[in-house]
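**Student:** Sequence:
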Amino acid sequence: MPTGTSSSDVTATGVARPGGSGRLAGHTVSRVGFGAMQLERLHGDRGAAVTLLRRAVELGVDHMDTAQFYGNGYVNKLIRDTIRPEDGVVVVTKIGADPDPDGPLPLRAAQRPEELRAGVEDNLRSLGVDQLPVVNLRRLDIGPGIQPAGDQVVDLDDQLAVMTAMRDEGKIGAFGLGSVTADGLRRAIPAGIACVQNAYSLVTRDDQDLVELCAEEGIAWVPFFPLGGAFPQMPKVAEEPAVRDVAASIGCTPSQLGLAWLLRHAPNVLLIPGTANPAHLEANVAAGAITLDDATLATLDAVPSRSADIRL
Numbered sequence: 001m002p003t004g005t006s007s008s009d010v011t012a013t014g015v016a017r018p019g020g021s022g023r024l025a026g027h028t029v030s031r032v033g034f035g036a037m038q039l040e041r042l043h044g045d046r047g048a049a050v051t052l053l054r055r056a057v058e059l060g061v062d063h064m065d066t067a068q069f070y071g072n073g074y075v076n077k078l079i080r081d082t083i084r085p086e087d088g089v090v091v092v093t094k095i096g097a098d099p100d101p102d103g104p105l106p107l108r109a110a111q112r113p114e115e116l117r118a119g120v121e122d123n124l125r126s127l128g129v130d131q132l133p134v135v136n137l138r139r140l141d142i143g144p145g146i147q148p149a150g151d152q153v154v155d156l157d158d159q160l161a162v163m164t165a166m167r168d169e170g171k172i173g174a175f176g177l178g179s180v181t182a183d184g185l186r187r188a189i190p191a192g193i194a195c196v197q198n199a200y201s202l203v204t205r206d207d208q209d210l211v212e213l214c215a216e217e218g219i220a221w222v223p224f225f226p227l228g229g230a231f232p233q234m235p236k237v238a239e240e241p242a243v244r245d246v247a248a249s250i251g252c253t254p255s256q257l258g259l260a261w262l263l264r265h266a267p268n269v270l271l272i273p274g275t276a277n278p279a280h281l282e283a284n285v286a287a288g289a290i291t292l293d294d295a296t297l298a299t300l301d302a303v304p305s306r307s308a309d310i311r312l
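Going by the UniProt record's numbering, the first residue of the sequence shown is number 1, and it counts up by one from there.
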């Protein structure tokens with residue numbers, strides 16, 4: 001164990017958890033995790049993808065986020081073949097969409113209860129496990145992303161019923177929600193919500209009320225697009241002048257600063273920045289060691305928030 005590190009701050013392999021430790025559905029995990037979506041970009045270089053995943057584990061990452069619809073099962077199979085039980089990695093997956101490679105977008109909504117159940121079964125098969133530790137139901141209440149229509153407009157209570165049933169059956173250990181409104185989350189809390197995944201960053205803080213609600217309820221806040229910029233209309237953290245100035249003054253990159261701000265902003269934040277680049281992976285992990293004093297935090301808190309509700 002690294003000197004001065006408590007047992008809760010090291011992984012099963014004895015590596016310090018980047019960003020320290022957080023809690024997710026009863027598991028202790030690294031606060032800086034890894035989002036696996038961009039591994040799709042390494043479809044033609046499986047060796048590089050395997051090396052990247054192994055490097056993440058070496059760096060202390062023991063929280064990974066994936067989905068069956070990432071590369072139509074390719075990413076899940078990579079994780080299945082690369083991550084070992086002794087690594088102690090909590091693999092979180094999500095449902096609510098299906099691959100649609102021939103459609104106008106690579107994904108289509110899959111919100112009906114029977115589709116959610118099928119999504120869990122697909123993730124179980126491709127990951128090669130008997131139970132998924134955490135499954136996020138990606139609602140489509142808010143952007144950015146695809147918008148539900150027709151029979152894909154499904155009442156939350158119907159979805160919570162099937163998620164709870166699958167938890168009772170032992171297919172999933174816990175479940176969270178994504179792209180959900182504050183009202184939706186309040187309705188769902190009695191069902192036992194482990195985490196929330198909404199788009200959120202230093203420059204897009206529309207959901208601050210959800211961050212605070214989750215903190216009060218002991219629910220992990222796992223922002224996607226933590227640096228913004230996923231769509232042309234979405235503001236980018238690294239382009240904000242105040243962020244660039246502060247980053248230069250403390251010797252880190254603007255992207256690292258954006259991640260460090262999220263960790264400092266709320267104690268229940270868990271990060272899952274994604275990349276297919278080894279250098280970016282190491283930079284993201286290193287962001288967990290950046291400290292921000294109160295004056296620096298106040299400067300960053302004063303950056304104006306701009307909406308990112310982009311519907312496709």
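Think of the hints as simulated: they come from the structure by calculation, not from any bench.
Any given hint could be a false lead.
As the list claims (entries may be wrong) - Quick list of the computed label-pair ranges, beta carbon to beta carbon:
id: 1; residue 1: P241; residue 2: D168; range: 49 to 59 Å
id: 2; residue 1: R112; residue 2: T291; range: 14 to 24 Å
id: 3; residue 1: S249; residue 2: G88; range: 13 to 23 Å
id: 4; residue 1: D209; residue 2: D157; range: 18 to 28 Å
id: 5; residue 1: D293; residue 2: H43; range: 25 to 35 Å
id: 6; residue 1: A12; residue 2: R187; range: 13 to 23 Å
Using N, Cα and C, we set each Cβ at its ideal position, and we do this for glycine too.
**Student:** Hint by hint, where does the structure go against what was stated? Just the numbers, ascending.
**Tutor:** 2, 3, 5, 6
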